[in-house]
Amino acid sequence: MTAAVGDEGTNGEVPMEAAPRSYPSIAQSWGIFGIVVGMSVLSAATTALERWITVEGVALVSYVFAMGLSFWIIYAMRRRRTGKPHFEFRISSPVLFVPLALGSVALLYGVSAPIAGLIPVPEFAREWLRGLVVQTGPMTFVYFVLAAPVLEELIFRGIMLDGLLDRYRPLTAILVSSFMFGIVHMNPYQFVAAFLMGCFVGWIYLHTRSVGACIVVHMAGNLAGFIQRFFTDADTMFETERSVLQSFGGGGAQFILVELGLLIVLTLSIVLLKRRYDAMAPVGEESA
Amino acid sequence: MRIAGLVVAALITIASGLWLTRAGRPYGAGLVAVHKLADLAALVLVGWMVVVAHRAAMMHTLEWTVVVAAATLAVVALLTGGALSATESTPAWVRWAHRVTAWGAAATVAPSAVVVARVYSGGA
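Line by line, the protein sequences give chains B and Y.
The letter at position 103 of the first sequence is residue 103 when you use this note's numbering, and the numbering goes up by one with no holes.
The letter at position 20 of the second sequence is residue 20 when you use this note's numbering, and the numbering goes up by one with no holes.
Isolated chain Y, as found in the complex (with noise of 0.2 Å):
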């Protein structure tokens, strides 16, 4: 259930993403109400899901980079983007910077659900 609706959350970051750069600024604060509260889901759930696993003592080395890089990604990600969303005129740096983390953090979410699938359903 909290793999899919991690699922479920990064999809719908991703599609409002996607939107909100096609339809460019101002932006709708609907749509970046919907943007923001995904991408808070998301976090909020892999946080929970990698705590619980944590603390079972559950995840390999490779498996605890794949989910921190995710992490760190979508936290960058939100940052960036809370700077995109909060101004009217922002350095090209933070634009790229959004981009590629937001972009790094879609490619490694799928993986790190993978993971936590495996933990939760106590795959060696």
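Okay, chain B solo, but in the shape it has when bound (with noise of 0.2 Å):
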């Protein structure tokens, strides 16, 4: 059952049938975050790992032990207050993967980088993004592009935005869980691609409600963040309050060229993706 817009009470909350199975609310998602949060905190012991492993190896486990135990937790408590075992993972058109990778890539460039740039970066967040730029290994392929993608799809799409859909307003729903997405980063800078990142692929799954389709634009948009480290000098990189695009495109009209095409390719994607959810079935309609 889909919730009409327009229907809400206080709070943005929908009085509906479906609602008292539906998880989770508002509230209950701050749960879910701290959840999250603890555990990414607590994976931190991990590090005594580094006397036997690399680096980059400490990061994927203290990773996948973070999020897939938060993850577990999480479902479990989906599970048993929804009865919901299953995620959808189809995406209705391959056609489809071009619109969804190109408008990631371009949102994280055109949109994500230029904003956080404008933010300072105080000395010692510098040297810890140097070491993030400097990981180009397999071990953080996996991490990067494979496991936080769909780690974080499951959880924040395929969980919280889902549950938050059937109870409140699509935008409502949508910013909460984008919100919740960019503050588990806990930092000012990957909030900003997060959260940006979080309301595209909201709207995605509000049309498709499918994680699938959710993972496939999150890999992009990390497989163009993994490519770049290939091509960035970690050591000048954070030496001027540039953005990351702005050292790329070289400034000035490079930059607006480089910007104005980001964005042309942006809109287009929307645009398209738009038009193909618009000719779609509305979701819920075609099992019901």
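No false leads were slipped in.
Restraint ranges, calculated between C-beta atoms of paired labels, are given here:
id, chain 1, residue 1, chain 2, residue 2, range
1, Y, GLY28, B, THR54, 41 to 49 Å
2, Y, ARG95, B, VAL142, 33 to 41 Å
3, Y, ARG95, B, PRO85, 21 to 29 Å
Over the 10 Å line for every Cβ pair with chain Y, so calculated as not near, a few chain B residues:
id, residue
4, SER62
5, THR82
6, LEU96
7, GLY131
8, PRO170
9, PHE255
10, TYR277
11, MET280
Please keep in mind that the hints were generated in silico from the structure rather than gathered at the bench.
C-beta: ideal position from N, C-alpha, C; glycine also.
Once you've looked at the hints, go ahead and assemble the two chains, each given alone in its own frame, into the complex.
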């Protein structure tokens, strides 16, 4: 059952039959947030493994431990509450891979990077970011391009947004899940990218209810970020207040041209996806 | 400034936690948001200050113990609090664990703030 926009009561909550069986509410989403952040901080203990495996290996183990365990706990909670055991992974048409992936990359470099570039970077954060940029091994690929998109999309779209959409207006549900997705990254630079990516992916999930589509978008963005590391000079990239994109484009007219190009790609991707989604049967009706 | 931020964040976390306990379930989304965000802010500030102090090698073993105890208790409190908020029926031991670790964190955050203040002021 899908909530009708405009039916909401106070706090944007939609009074409906399915609401008591849906999970989570906004307050429960904050609980999920606490579990994910708590597990992430606890997983710092895995740095003790650096005696035996590489730094990149430790990062992968730490991430899989934190997010895997969080997912397992949250999934068990949802299953007990709603009885929903499955996630939808199908993507209606392979052709959609193109606008999904291009839209993701254009959003990351055309919108997120310039905004994040405006945030001042303190010295200790520069060191940390430089440390990340030089990680380009296979373990980082598995962590950043495979594990992160799958686990994060399952938690934040497959469980959190899915439950919020049953209770609240789509805009409220997408903004809340995106905000929490942004803030679990625990730093302002990644918050911007994660929040905007969360909004884009949330909009896709609203129309498809497919975690698979969300994973494709997330993977494309992270793959672009991973490839970028091979072309980035870690020693100089945070020397100035310029954004990563500006340092690529060279500044001035080049920056404006690159930015314009990316915004056109993003707009075209959204228009194409919207047309496709408008032509599809509304989510939930095909099974009714 | 960061120490003042830590104290304010800790106070907001404690006050909103007490309020949530009194109000009971179902928890209000706004109040839970304030509670979690203040707790996260306190954790991030502690983490930030400890990393800086660690790099400068300015903390003694006892001071490390106090700060690590505060951070560990705060993280466990965040986890158990997450479990409390995320479900409508939580096992009694989770509620008990949350209360113990939250009060433990509250008790150790003050000496931790003193330690960090000493480190930042450059005192021995």
